[in-house]
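S.K.: As a plain string of letters, each chain reads:
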Amino acid sequence: MGLAAGVAAAPGPWEQPAAALAEQIAGILGPGQAHLTIRNLSSIPADEIPVIRRLLAQDLKAHGVILAGPESANTVRVTLSESARERLWVAEIAEGNQTQVAIVDSGPVQAQQATAAGGLTLLSQQLLAAHEPVLAVLETPAGMVALEPEQIVLYTHAAEGWREQKRMAIEPRRQLARDPRGVLAMAADGQGFDAWLAGVRCSGASASAASAGDWTPSCRESDDPWPIARGSIAPAPPAQGSAASAPAAAPAPASAPAPAAADVSVPLFNAFYSAARNYFTGVVTPSLGVDLPPFYSGALIPRAGGAAALLIGGIDGKVQLAENSALHPVAGTRDWGSDFAVLRSGCGAGTQIVASGSGEAANDSLRAYELLSLEAVAASAPLAMDGTVTALWTSPDGKSVLAVVRNAANQYEVDRVTALCN
Amino acid sequence: MLQTNTRWTVLRRFAISVFLVLVGTCAAARTRPHYGGSLRVETEGDPLRSPDGMARRLVLDGLTAFDPNGAVSPALAIEWQSDDNDHRWQFRLRPNVHFHDGSPLISTAVVMSLNLSCSANCPWTAVHAVGSSVVFTSDSPMPNLPALLARDTFLIALTRTADGQTPANLIGTGPFQFAALNNGVLTLAANDNCWQGRPFVDEIAIGASRPIRDQWLDLSVGRADVVEVPAEQLRQAQQQRLTVVVSPPVELVALQVSDSGALAHPLLRAAIAQGVDRGALFNVIFQKQGEISASLLPQSLTGYSFLFPADRDVNKANELRGGLTPQPLTLATDGNPTMQLAAQRIALNLHEAGFNVQVVSARNAPRADLMLRTLPIEGADPADALAILLRSAGENAPVAGKDPTALFRAEHDFLDLKTLIPLLDLPRACAISGRVRDLRLRADGTPDLAGASLEGTQ
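These protein sequences, in sequence, are chains Z and R. Heads up: the first sequence begins at 1 in my numbering, then just goes up one per residue. Heads up: the second sequence begins at 1 in my numbering, then just goes up one per residue.
Bound conformation, chain Z alone:
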C-alpha cells in the first residue's frame, strides 16, 4: 500500500452532497445505465462543474449506476440551484415517461468577502452576538458587562467565548427610545462599573471583583451628564509594520483640566444627554468656553504640542472641532455618519478617528481618518460591517474601538475593531 492510500484527503465541499444525491438517484433508478447532464443555475463557479460531475459519476458507479450516452433510456438531469439562503442540487430522473425528483441541500450560499486596503487596515473581530439591542459593553478582568435598554447582562470567559452568567433588570423603568443609547465605564475604584442610560444611572459594585457574577448593580433615576471622553486620547508613538500596541499618557485638553496620565477611570468631559431624544444637548462639563450645538458623538483628539480638542458630530451632520474656545468646521467629513471614536493605533500619526459611514446602503462601514489641521484624511479603506453601526466607542486601553452592529435580521453583534499598520 502506498503512502497516499494511508492518508485520507480532506473532503471537499461537494463530496457530501454528491454522495447524498447519488444515493437518492440510485435508489430511484436501481442498478443500470443512465445519461447524466448537469446545468448550473447557482453561484458555483463554472470550473467546479467538472469536479462535481466526476464526483457524481464516481458515487453513482459505487451504487451500480453506470453513466452512458444520450441513447440511454434513463436520463438524469442534475440542476445545481440555490435559493437566497442555501444551495440545492436537484436531480430529475426520467425513466421512460415517468420523471421523479431528488433534492439535496448542499450548504449555505457563500457571502462575498470584502477586502480592505490603505495606509492602515482595519480588522474586525466579533465579541458577542445578541438578540436584544446592545448599547455598550465593557471588558474587565473579571468579565464583561453588556448594557441593554432594559437589562444589564454579565458575561464570563468560557472556552467557546463569552458566556452569559447573569441578567438583571434595570429599575426604575423609564420610557424606551427607538434609538436607545448608553455608556459603560469602569468605576473610579476599579472594582465595578458605572452605566448611564437616558434618565437612569447604574453602578455595579463587587466585594471581590473576582467574577462578573458577583456584581450587584443598583440603578437610580438620574439626569447626570454622561462621560464622553475618559482619557484614552494620548497619541501613541508612531510605529510602522505592526499592530497597535503602545499605551501612552493622556495629554491635557486645551480648555479642560489635565487628566491623570493613563487613568482610564477619570472622565475628561461629561455631556448632558437629552433623555427624550438620542443626542447630547451641547452642554458639557467642564465648560470649553464656547457654546456647543447639540451633538451625537464627541471625542477628544490629540493636537500638536500635547494639547487636545473636542471633536463633535452635530445633529445637523456637521463635524466641528472645539479648540481654543472656538468652534471650527472640519473638512473631509462628508462621508461620516454620526458615530466616531478615537483609535490609538500606533500607525501613521499614532491616533486615528474611526467613523461610521454616511451612505444609504443597508450595510454600514467603518473607516479610519487622521485629522490634519482641520481636515480629516482617510487613513484606511472602509471596513464593511454586516449591518448598521448603532454604537461606537473607544476601548478603555484606547487600542481598539468597539462597534455595535444591527444586521438586517435585527440581530446585534459587538465587534472589536483594531488596526494593522501597512
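Hints listed in this document are in silico derivations from the structure and should not be mistaken for laboratory results. For clarity, every value in this text was computed on a predicted model and none was experimentally measured. Ideal Cβ positions, reconstructed from N, Cα and C, are used throughout, including at glycine.
If you want the footprint, here are the derived chain R segments under chain Z, 3+ residues with CB under 8 Å:
hint : stretch
1    : 66-72
2    : 304-311
3    : 402-408
Using C-beta positions, here's what the derived DEER-type ranges look like:
hint : chain 1 : residue 1 : chain 2 : residue 2 : range
4    : R       : Ser-132   : Z       : Ala-307   : 50 to 60 Å
5    : R       : Gly-434   : Z       : Ala-307   : 33 to 43 Å
6    : R       : Asn-121   : Z       : Pro-70    : 44 to 54 Å
7    : Z       : Arg-39    : R       : Asp-259   : 32 to 42 Å
8    : Z       : Ser-274   : R       : Cys-118   : 37 to 47 Å
9    : R       : Arg-235   : Z       : Gly-69    : 46 to 56 Å
10   : Z       : Thr-216   : R       : Ala-180   : 40 to 50 Å
11   : R       : Leu-267   : Z       : Ala-73    : 23 to 33 Å
12   : R       : Ser-50    : Z       : Asp-316   : 39 to 49 Å
13   : Z       : Ile-28    : R       : Cys-118   : 41 to 51 Å
Once you've looked at the hints, dock chain R against the given chain Z.
M.R.: Then chain R, alone, in the frame of chain Z:
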C-alpha cells in the same frame, strides 16, 4: 370608515428589502435618525380596512412578527413552546405592555381579540388565557402557528375598554395611536410609551383613497412623503425620476380554479393551466416587473421552482380538453384595473384554448369558475410561507418539515390538483420624498413607517 380598496394588501416576504434609489439620493452627511415631524403618506385604499389596512400595522401588534428577513420573531409574546406534537401551543406575553388607553395587555384581552378576528376556519380549535400566557389547542397539528400569528389577520386590538364599552376607534399597543380622521386623512400620533420605543416621527397623516396619479403629483410638489408605486408602474416611476424603494417578489398572482361545476373534470383544469400565457401577462400587463412563475413559492425561497414549467402549450391544452366542451366560464377579479386587464388577457388566452370565458367583478360573482387573485408570500421559512399561502387560498393545510424534497412534493401534489395556477411573483414598491430617512421595507414589502425619520427635524 373609508371604503376604497387598498394596495397595501397582506403580504410578507423573507428577503432583505432592497433600496432601489433611482435618483435624488441625499448627498449630505448622514446622521442618526432625527425625532419629530409629520410624515405624510398617501394610499389608494382604506388604511383602516381589516385585516390589511396600512394603519392597522402601525396601531396594532401581533403576538409574533416577521423580522425584515422574514424570520418569526417575538412581539407581544416573548416566547412560545409547543406540546403534544404541535397540537398545543403556549405563548407567554411580554410584561409591562399597555394599550393606548393605558390598560395593561393581559391574556384575556388577547384571547378576546383573537376570537373576534377569527371566528371561523381558524388555525386553532380553541384559544384561552392561562395566567400571563395564551394557549392554543387544535385537533390537528399546527406546526406553522407562530408564523400564522405574525399575519395582519391576528393583530391584537382592544375589544373592551375598562368600562366595558367597545372602543370607538382602533386601540392597540403599536407605535402609533389613533388621533383623528378628517376629510379622508387619518392622523396617527406617536405612542410615547410603545414597548418597542417611541417612533421617530411625531405623527403620520395618511391620505386615503388617493389615485396613484394624484399621489405622484403630491409627491412631486412636496405635499406627500411616501406614496404607492404599483409593480406595473415601476418603469414609469423610473422615467419620472422618483426615488423608489422596491421589495423582492412578495405576492403571487394566481388563477384559482373551482373544482366543482363546469371545471369539475381535472383534465379541463389542466387544460386551463396549459392555456394561460404567463409571458404576455409579464411583458404587457405587468411591464416586465417581477418574475414569471409556475410554482407557489419563488426560486429565491426554495431553489426548486424551475421544476415547474411555465411555458404555454395551446396544443397540449386542446389535447387535454379533448372532446370536452365546457359551458361558458366566469372569471372574476377585484376592482383593480391592472388585474382586470390581466383577467381579460387570460380570457383571450383561454378562448384560443377552446374555452369561452367572461370576465366579471368578484363582487358580483363570488362563486366564479375562475378567480384571478394575489396571494401573500410571507416568511423566510418555505414551510411557513407555503402554509400561509395555502391558507390564504382557502386551504387549511399545515406544512411541516424543512426537507426540500418533502416541501417540493407538498407543493407539487397541491399544484397537481390544478385548483391554483401560479402566474407571476410581483414586488411591492413605494416612492419617497427627499426628506424621508431610513425607510425600510418590512418582510411583506410594505414600508416600515415606524422606523422612518425625517430630515430637518430635531
